[in-house]
Amino acid sequence: MPIVQIQTVDKSYGGSMVTVQALSGVSLEVEAGEMLCVMGTSGSGKSTLLNIMGTIDTPTKGRVWIAGQEPSTLPDTALSRFRNQTIGFVFQSFNLIPVLTAFENVAYPLLLAGENRATRTQRVMDLLHQVGMADWARSYPNCLSGGQQQRVAIARALVARPKLVMADEPTASLDHQTGTQILDLIQQINTTYQTTFVLATHDPLVASYATRLIRMDSGRMVE
Amino acid sequence: MPLTLAFRNLLRNKRRTALTLASIVSGVISLMVYAGFIHYSLWGLRESTIHSGLGHIQIVKNDHYFTSGAFDPFGFSLERADEITAKVQSLPHVRYVVPQSTFGSSIGFKDKTGLVMVQAVPVNTPRDLLRFRRVIQGKDLSQPNTPEIVLGVGVAKRLGVQVGDQVTLLTATQGGGVNAMDVGVVGISKSGIREMDNIYGYMDWELASQFLYLTGPSVLIGVLDQTEATHSTLQQIRDAFSQSGMAATARPWHQLADYYTQAAGFFYALMVVIKAIVVLVSVFAIINTITMSVFERVREIGMLRIMGSTRWAIMTLFVTEGMMMGLFGGVIGVAGGFGVSGILNLGEWIYIAPPPGMSEGYVAQFKPTLWDALECVGLATGVSVLASVYPAWNAAKMSVAEAIRFK
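For the record, the sequence lines run as chains A and B.
The first sequence begins at 3 in this note's numbering and counts up one residue at a time.
The second sequence begins at 2 in this note's numbering and counts up one residue at a time.
Chain A extracted, bound-state conformation (with noise of 0.2 Å):
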């Protein structure tokens, strides 16, 4: 059964006077394991995607289901309990919490779970190390370099164990070498976990790492 399933999904902003179309008519199944990169330039429509997959956006029309729920009809209690159990984020801009450490960023998702202190902090320290952070867990993020902010960042969103990681342009705010670390390790742990990675960008560089790749223009899917 496919992770995520999107039936004509459509999705519009805007009021009376002026509505922009940012998707129409997109239909899309994602399997488990895959890592799927969502292309496109500038306003094509591939955040607006990955947000409803990520639940955090609705469509206007159509349907999706994410691990066989489908989130529009969750409360909001419940639908955030889902999406901390089911889906990680990853943003360009890294959105770490800046008063709080490396390690307190990554155990938030955990704390909110209700994982205990012990299990917090094994599984945290754990990813940190795999992210190569470990030695950064009491840094506040002011005091970390783009790639080490995006590695926290990584390490944030896999610390619940979560079965779809959707990432918006990762590698967009860091330079080639950086990004291509970050990529490497996305990789690695998409092979190792079998977690399913969306990927938007419009950087060739991200797509030659996906195992299958759709892009966007003007709203709809166009390969």
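Among these hints, one or two may not hold up.
[What the hints assert, rightly or not] Only pairs whose alpha carbons sit at most 20 Å apart, straight line, appear in this in silico EDC-like list of lysine to aspartate or glutamate:
#1 A/Lys63 <-> B/Glu403
#2 B/Lys62 <-> B/Glu80
#3 A/Lys165 <-> A/Glu33
#4 B/Lys398 <-> A/Asp78
#5 B/Lys62 <-> B/Asp240
#6 B/Lys62 <-> B/Glu84
Just so you know, these hints were derived from the structure itself, not from any lab.
Since the structure of chain A is provided, determine the placement of chain B on it from the hints.
Relative to chain A, chain B alone:
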């Protein structure tokens, strides 16, 4: 971690947090100082009222005395006064019980005649019941059953009486007859209340009793070792009366002290107004701070929601930040309030002019209580929580997708 997160968020913009705290702290300090002033003033007024001959508890024949006694004091003479006195005297907290009668009389000196209200208590009555009056010329009453009188300064001035002069009292006795007596003026007193000084004179109760042919005092005045014991002692007195079938009733001082009640009402009403102003200032400061904080952290709110925080958790985070500011502001303000009060008390800089009806002013003292402190901390925290609800709700209802896109 939610508490840690809230606390660290407060430290993010230290200047803004400090400004908000400053507005809460200054409000709490002013509340503490004002509450301290009210407590001291009302305590002073309470004690001076009680010790102006009123006592803590008054025992009379029946409740009608308090409405009709002034016109017919002899109709309310207490029977078995000695027995009642002994009974009440034996209760804990009761320091002493003294009889009192007040009667109106005409007073004549040379070619002048006036009216005087004579308050008669035993000459050996402890001074603390009569603390309200100071003898400013001559001496106080000292010999029982001796024809002596102390006149209020206003009465003496009106009649042109000096210490050592003889005045004539003419009054109706308990039986309805008329009696007259020459008494020597041994002293002139001042009470601090102009109206009292203009009308009152003071004499020994035994002398008054013989002069008026009294069968008993109209009032027994009970004085306690502490005002706070009034309620419990009153209850014990009432129980004792009902058990022994004594035909008497008792009332506490606060039911008899109209001026005190009015003054307390005025002070507390003013306190409510000041509290309202402080609350309003704090509310605006907190709303502004939390709103700014929400605006600055839109993406962060989005990220917290993405990680699985519910709307409720986001709301709780911002309300907790407001609560912490209120709590810290309250605690610092309370400490500051005690500090400022202590400094003002040491300095004795603030002189309060005589209140209406009084002839003497006083140096203000500030005595905030532990209860004031708890109330201020509670108020600051509660107001801050309420003030942060609206901006916190705005943060909580934010669209996650829009929040994460926010630049």
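Results of checking the hints against the structure:
{"no.": "1", "hint": "A/Lys63 <-> B/Glu403", "in the structure": "holds, 19 Å"}
{"no.": "2", "hint": "B/Lys62 <-> B/Glu80", "in the structure": "holds, 8 Å"}
{"no.": "3", "hint": "A/Lys165 <-> A/Glu33", "in the structure": "holds, 11 Å"}
{"no.": "4", "hint": "B/Lys398 <-> A/Asp78", "in the structure": "holds, 11 Å"}
{"no.": "5", "hint": "B/Lys62 <-> B/Asp240", "in the structure": "holds, 16 Å"}
{"no.": "6", "hint": "B/Lys62 <-> B/Glu84", "in the structure": "holds, 13 Å"}
Violated hints are absent here; each numbered hint is respected by the structure.
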